[in-house]
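A.B. asks: The residues making up each chain are set out below.
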Amino acid sequence: MNTVIFRTAAPLIVATMLVFSVYVCLRGHNEPGGGFIGGLIAAASIAVFGMASGVPAVRRALKVDPLAIASFGVLLAGFSGLLSLFIHAPFMTSIWLYLELGDTTVPLSTPMFFDIGVYFVVFGTLSAIALALESDHEEDL
Amino acid sequence: MGLSLDASIALVALAPFLAAILAPFIHRLAGSYSAWILAIVPAGIVMLLIRLAEPVIAGGTIAAAIDWVPSYGLTLAFFLDGLSLVFALTIAGIGALIVLYSGAYLKGHPHQGRFLAYLLAFMGSMLGLVLADNMLALFMFWEATSITSFLLIGFDHNRQAARRGAIQALVITNIGGMCLLVGAIVAQHLSGTWLLSELRGLEGVLKDSALYGLVLALFIGAAFTKSAQFPLHFWLPNAMEAPTPVSAFLHSATMVQAGVYLLGRMTPVLGGTSVWTGVLVAFGGVTLIWGALGALKETDLKQILAQTTIASLGLLVLLIGLGSEAAIAAMLVYFVAHACYKAGLFMVAGAVDHEAGTRDITALGGLADKMPVTFIGAALAALSMVGLPLTVGYFAKEEMYLALVGGDWLMLVVLALLVIGNALLAGVALIVMIRPFLGDALPTPKSAHEAPVAMLAGPILLGGAGVVAGLLPDWLGHDVLAPGATAILGHAVEPHLKLALDLASPLIWLSALTWLLGIVVFRQAHAIRTVLRRLSAGLGWSADTVFDAVMFGLIRFAATVTRALHHGKLEFYLVVVFVALAVALFWPMLALGGLDWIVPTAELGDWSKRLVLPELRPYEWGVVLLAVLGLLAVLIAQSRLIAILSLGIQGTALALIFLLFGAPDLAFTQLMVEVLSVVILTIVMTNLRLDARDHRPFEDWARDGTLAVVCGAGVSLLLMLVLTGTLDTRLSDFFTATSVPIAHGANIVNVILVDYRGFDTLGEISVVMGAGIAILALLRRRKKAEGAGP
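Each protein sequence line maps, in turn, to chains X and A.
Here this note's numbering is used: the first residue of the first sequence is 1, the next is one more, and so on.
Here this note's numbering is used: the first residue of the second sequence is 1001, the next is one more, and so on.
Note that these hints are calculated values from the structure, not bench results.
These figures come from a predicted structure and were not determined experimentally.
Incorrect hints may appear among the rest.
Claimed, not checked - Label pairs and their in silico Cβ distance ranges:
(1) X:Ile95 <-> A:Ile1167: 41 to 51 Å
(2) X:Leu82 <-> A:Ala1558: 50 to 60 Å
(3) A:Gly1593 <-> X:Val64: 55 to 65 Å
(4) A:Gly1593 <-> X:Ala89: 39 to 49 Å
(5) A:Phe1552 <-> X:Leu82: 46 to 56 Å
(6) A:Val1561 <-> X:Leu97: 25 to 35 Å
(7) A:Val1561 <-> X:Val19: 47 to 57 Å
(8) X:Ala89 <-> A:Ala1771: 26 to 36 Å
Glycine is no exception: its CB is placed at the ideal position from the N, C-alpha and C atoms.
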């Protein structure tokens, strides 16, 4: 599996997949996609990267422990729901904000942050599992 | 003061918790002076309560409520009436002295800050308990006292005895806690209110209900476990493993009195029936005598005091059971008297232990010369316990005899019981006062000297309070007894305490008889102890051994059940899961006649017309073929890797089918799940380093094959069955219609996930995260085991 071709191509594949995963996650509200699928794609890319370059290299590149990413996701999703408390609405009532940037309108919303949270949870958890399985040594866990 | 009068009650219950959080930091900053700083909190609470006392004594109640779950009508409600005032003042007052005392007792202990934090948290729970109006809040604080007392009893957690005592107390009192919760729920169901203050007005609701017996049993169960009534008394002596300040606080005026408080609180709604009186008087009486005899059996000061606490609790329960005006008055006065002298005596025991190095009364003697102030404290407390005139203990005894004199023969039996019990306790009080302090000086492990001021303040002040209260019967009657009894009985009670030795009344002669018997007990203490020890040795078992047997049996039972269900054979787990799936699939189909449609109807004639091939385009057939090929490859694959990849092919074909038939989201997810499962399965399988393909016996193969076919057929049939009916499209219509206008999203699947059902998704991602942590923990364990091995 550890061929030169694979090792050379892997970073390109990983980069493409990661960018695509973010794209899929963000377009999710109106087109096929969403945080869950985005997270799956990103996690798959991390698994591929781990196979090609070895787990320690991936961990260095990630800089943050994957489980910490997942926990951040849960927190982000939870807090995006809490924001509605400031407008005296029940938990998780969605709030929409349309930003006018030049000619385009950028809609920001609490469901979007919620979806990003889902993305992080799926990405973090599955990457953590994949990396743990790929590593041979205790210190990599 | 900025706070309103009412809101300040909530502050009373919550301030100790804040102090508990701050305690470790204050200890780090102020060292051994931290106790003096932290004692300000309970002392402040006492001041505040005294300010609040005036309207309560005048007959009013003070209430405050914080919204808790408004949609269910639940409030964190507090209220202060005569009964809770007496309890709260005692708790906070003794609490302040105990905090000071612990500062000196545990001076230099590395975890003193933690200890003070536990102590203050316990005090907060206890104050919350007696001030709570809502029954669920009462339950919450009740359990909080159990947990904090567990931490306090097991504070010295390096000793096995301390851990055992802590667990025992937790188990027993938690059984009571569960009783209280169920009892509160049933009571709410019957009366429609969570509030004790409202429940009190609905006198007949519980008593006349068919469930009265159940409610009564539950509340009595709660009170008896907490207040250590026979035969559940055994946790209290074992809880003496706690540091002495804990014993002095928990086992005199607070924790164990929670049950007494509950019974007093429930008297208007549950009391007055013959069952109530019978049960409380019988158990209280037995507990009184049992505890008093138990005290005579012991030689350790703390154990002696613990046993007398059991006896006193029995006495209090008995008095509540009698329920007459005089009995309730006696209960309240005795509660105050007991709280003062018992906390004082415990603190004296701790001081003796601290300065002389032992608590065994047979090894102590003549300490009065070396520790004169401690002796004064002990003497004041013990005299109140004996019940000499001029002490508050005297009034307590007078009142309880007054409640019984002149009754029928049953009352006279109870009266005799009380005289004997009081006499035994008086004898014990004399032992505790005289043995360590008077007589010949004995050599002690440490050379004894006077205890520090912080440790003397408690015994002296409490002993002094016992005498001062005894000198002020009008105040005691008007400010303590009358409001408290009014709160319990529900009608106005007039105070009638007066300090007069009327030789014509039988009460004085009963008191004299008690003292006389007490002196006899004191003189014969050694002989009585020998007899009692021989008796208990002859019995061979105690409630304590029964508890151990039950706990051991419970653990063995749990282990057996776990081994039976959780045997670690993955194959068997999978078989169970899939058999359950097959049953769940076929049972409803067969039972509800869902399979009738398969049988060809008369019009169609035969099967060939029933089974028609769907009209698919050629490439669609190609995808189906791909899936079938993938499946076949799984079955015949010679290596695991090929099998996993083939499964991936089948899954990908499925994703293509979803895509072709208009479910792009599903197809997308399916594809990614397939990719990841292939990757992860491959890694797992390569990690396991198994043989290329294991050879399975034919039975296994046949069993798994049959299960697979049955489950597959079941799912297919179910799906076909679903398609024969008309789909109820109300939900999808609703989502299609509202997705863009109210949720601003065109992708309905995603909008449902993050908006309509966002709360579900939040739960699901938490589960995903939890599962990830569990998997990592399992992997880490395996790697560690590998690393440790050769």
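A.B. asks: Each of the hints needs a verdict: does it hold here or not?
C.D. replies: Status of each hint after checking the structure:
no.	hint	in the structure
1	X:Ile95 <-> A:Ile1167: 41 to 51 Å	holds, 49 Å
2	X:Leu82 <-> A:Ala1558: 50 to 60 Å	violated, 40 Å
3	A:Gly1593 <-> X:Val64: 55 to 65 Å	holds, 57 Å
4	A:Gly1593 <-> X:Ala89: 39 to 49 Å	holds, 48 Å
5	A:Phe1552 <-> X:Leu82: 46 to 56 Å	holds, 47 Å
6	A:Val1561 <-> X:Leu97: 25 to 35 Å	violated, 55 Å
7	A:Val1561 <-> X:Val19: 47 to 57 Å	holds, 52 Å
8	X:Ala89 <-> A:Ala1771: 26 to 36 Å	holds, 32 Å
The structure is inconsistent with the numbered hints 2, 6, although it conforms to all the rest.
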